[in-house]
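K.L.:
Read off the chains here:
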Amino acid sequence: MAKKLRTRKHEVVLNRSVGGDAGITVILAIFGLFMFLPMYYTIIQSLKPMDELFYFPPRFYVANPTLDNFKSLFNLMADSWVPFSRYIFNTVLISVGGTFGNLVLSSLSAYALAKIDFPGSKFLFQVIQKSLMINAVVTGLVNFITLSYIGWIDTYLALIIPAWGSTLGLYLMKQFMETNVTTEVLESARLDGASELRTFWSIAMPMVKPAWLTLIIYSFQGLWNMGQTNLIYSEQLKTLNYAISQINAGGIARSGSSAAATVVMMMVPILVFVVSQSNIIETMGSSGMKD
Amino acid sequence: MSKNTEKQVKTRHEMTKAEWTWFLVRKNKTAYFMVLPFMFIFVLFTVVPVVASLFLSFTQFNMLEAPKFIFMDNYITLFLDDELFITALKNTLIFAAVTGPVSYLLSFVVAWFINELPPKIRAIVTLIFYAPSIAGNAYLIWTTLFSSDAYGWANAILMELGIIDTPILWFQNATYVMPLCIIVALWMSLGTAFLSFIAGLQGINKSLYEAGAIDGVKNRWQELWYITLPSMKPQLMFGAILAITGAFGFGPVVTALAGNPSVDYVAYTLNHHLSEYQGTRWEVGYASAISFIMFLMMIGANMLITKLISKVGQ
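Residue numbers (my numbering), protein chains in the order written: chain D, 28 to 318; chain F, 849 to 1162.
Source of the hints: derived by calculation from the structure; they are not laboratory data. Incorrect hints may have been included.
[Stated by the list, open to error] Beta-carbon label-pair distances, calculated as ranges:
(1) F:T1014 - D:Y260: 50 to 56 Å
(2) F:A1061 - D:F81: 55 to 61 Å
(3) F:K877 - D:V119: 36 to 42 Å
(4) D:M234 - F:K1155: 30 to 36 Å
(5) F:P1078 - D:R217: 32 to 38 Å
(6) F:I1005 - D:E205: 48 to 54 Å
(7) D:M234 - F:L941: 41 to 47 Å
(8) F:M911 - D:F87: 47 to 53 Å
(9) F:W870 - D:G254: 45 to 51 Å
(10) D:E214 - F:H861: 23 to 29 Å
(11) F:E1008 - D:F63: 19 to 25 Å
(12) F:K877 - D:Y260: 40 to 46 Å
(13) D:V109 - F:L1077: 48 to 54 Å
[To be verified] Here are the simulated DSS-like pairs of lysine-lysine, each with C-alpha atoms no more than 30 Å apart in a straight line:
(14) F:K875 - D:K317
(15) F:K877 - F:K858
(16) F:K1155 - D:K317
(17) F:K1159 - D:K149
[As the list claims (entries may be wrong)] Just so you have them, the derived chain F footprint on chain D, three or more residues with Cβ under 8 Å:
(18) 45–55
(19) 59–72
(20) 83–90
(21) 162–173
(22) 181–193
(23) 217–226
(24) 294–302
Every residue gets a Cβ at the ideal spot worked out from N, C-alpha and C, and that includes glycine.
Let's have the full structure, built from the sequences with the hints guiding it.
P.N.:
Here's what the structure looks like:
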């Protein structure tokens, strides 16, 4: 399955009409522009000097590109009440802590659910599959109450620990293990006397690298883009996304630095995706749901 | 240990079902330890909230005093005496009914169109379509494109062309708020489902198409219906679930674009209504009733759609 993705499709004469190809190209181009132009315009805005930002009609190119907006963004950051490095630290700590825990707990469970046939495993996976159907909005209220009983409100733990139980990564990893880790390999390791944990760690895990890379990226992206939440109210514990949205809310006077802030913020997940695209697509190859 | 081996001497057929299950449970002890940590966190932060919100929805609770049981009163108030809830419910349903299916179709159509492109080009096109869904708050650019003054791109074009002579206050105008929010939602909706479709299409065995061509499949539409869709049903299922779940949870973006409350409450969703009662007023029982209704809507829509998809190609 995984190998097949990489090989070029071999040339078969299928029923393809020239008209159909042309139509597809035109539709793709229209959709593509719709997707691309706003992103492009964000980048262009961030490079415009002040006078070009307020040019009528607005231009889709920049005559004198400048990095002034990025400079003023960093000045704004330097002036902020809480040092900007603190927001970055918070975001990195939450993203790394949440992702690491989610990776460890999910891989252990995914392996057990995919490769050990124990009573209850089907039921547990059904519940996890159903949980993909509900949005976090539904659980927010009770989680707030739970976290305040534990006493984690306004601590990093309130954001990190719930992220450990996020199900999308586990789901993808379990499906990937099912198709890509053959039971024969595991059986021979077990016959050699390897414990279940050892088989998991030294046989199964190396075989599912694309899946854990995908899990890391998904979890990281989610936590990285997390904005304002009612779980944190101390300014010095807030995230980068929150700080950036404060700059964005600065209105027209800051529209240049606001665009610069957005560019800085979006570049991280986009670059991560560019580097890991083939692994993610490979993981998605087994993402399908078979009831 | 010796006791253990004695038990194993008994064969499968001599054991009752319960005995056999218990034997398997003990044999797979490690497996339970492996799933335990995840399940603990998952149950605490996902299963418990759903169950608890059902119980709390029958109570009046402000987190200071003990919950007071009032049975269906919260639900009765919601449906009979809370006009804003009805507005929010209506808007949420319209929103989900448009963005869910359209985003799903868009994800599939684009994935299908780019399937036969050479791998390098396909990777670039994938990036272009996928980027908005992971770009943090990049959607705020839409408030610039549709800004209320003449520096906004939409107003500028319309004014240049002489269609309007004063700028339209896009995100403050009751006519335009909802359609614009839907457009932005669609713009950022080609996410995981889209990637799953791309991978699903790539994974289809090419010899199926050759066989199809021999069996008289005439064009790509027939190919789509008879070969492609049935072969990637699992991905279609997974994608549908993500599309539906996404379509119901779209509050914060509306707030960022059109403010909360939006003009005349035209884009006021259940999400907003919920945060009003759970964050501002602390009426936990009432908010739980809203949560639980949202839960039922998401599960209901998902069950319905997955039923429909399982019929594809049959």
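K.L.:
Given the range 50 to 56 Å, decide if the beta-carbon distance of T1014 of chain F to Y260 of chain D lies inside it.
P.N.:
violated (42 Å)
K.L.:
Given that the segment 162–173 of chain D was listed as covered by chain F, double-check it with a C-beta distance under 8 Å for 3 or more residues.
P.N.:
holds (count 12)
K.L.:
Keeping to a limit of 30 Å between CA atoms, is the pair of K877 of chain F and K858 of chain F held or broken?
P.N.:
It holds: about 20 Å lies between the C-alpha atoms, which stays within 30 Å.
K.L.:
Given the proposed pairing of K875 of chain F with K317 of chain D, does the C-alpha separation stay at or below 30 Å?
P.N.:
With Cα atoms ~28 Å apart, K875 of chain F and K317 of chain D stay inside 30 Å; holds.
K.L.:
Within 30 Å, alpha carbon to alpha carbon, are K1159 of chain F and K149 of chain D?
P.N.:
The hint holds at about 23 Å.
K.L.:
Looking only at beta-carbon atoms, does the pair E214 of chain D, H861 of chain F fall within the given range of 23 to 29 Å?
P.N.:
Check passed, 24 Å falls within 23 to 29 Å.
K.L.:
When I compare C-beta atoms, does the segment 294–302 of chain D have three or more residues closer than 8 Å to chain F?
P.N.:
Holds, because 4 residues of the segment 294–302 of chain D bring their Cβ atoms closer than 8 Å to Cβ atoms of chain F.
K.L.:
At least three residues with a C-beta closer than 8 Å to a C-beta of chain F: is that true for the segment 83–90 of chain D?
P.N.:
holds (count 3)
K.L.:
Do three or more residues of the segment 59–72 of chain D come closer than 8 Å to chain F, measuring C-beta to C-beta?
P.N.:
holds (count 9)
K.L.:
Given the hint of 32 to 38 Å, is the C-beta distance from P1078 of chain F to R217 of chain D inside that range or not?
P.N.:
holds (37 Å)
K.L.:
Determine whether the Cβ-Cβ distance between M911 of chain F and F87 of chain D falls within the hinted range of 47 to 53 Å.
P.N.:
holds (52 Å)
K.L.:
Could one say that the CB atoms of I1005 of chain F and E205 of chain D fall in the range 48 to 54 Å?
P.N.:
Once the Cβ atoms are compared, 52 Å apart, the range 48 to 54 Å for E205 of chain D and I1005 of chain F holds.
Checked against the numbered hints listed earlier, the structure breaks hint 1 alone; every other hint is satisfied.
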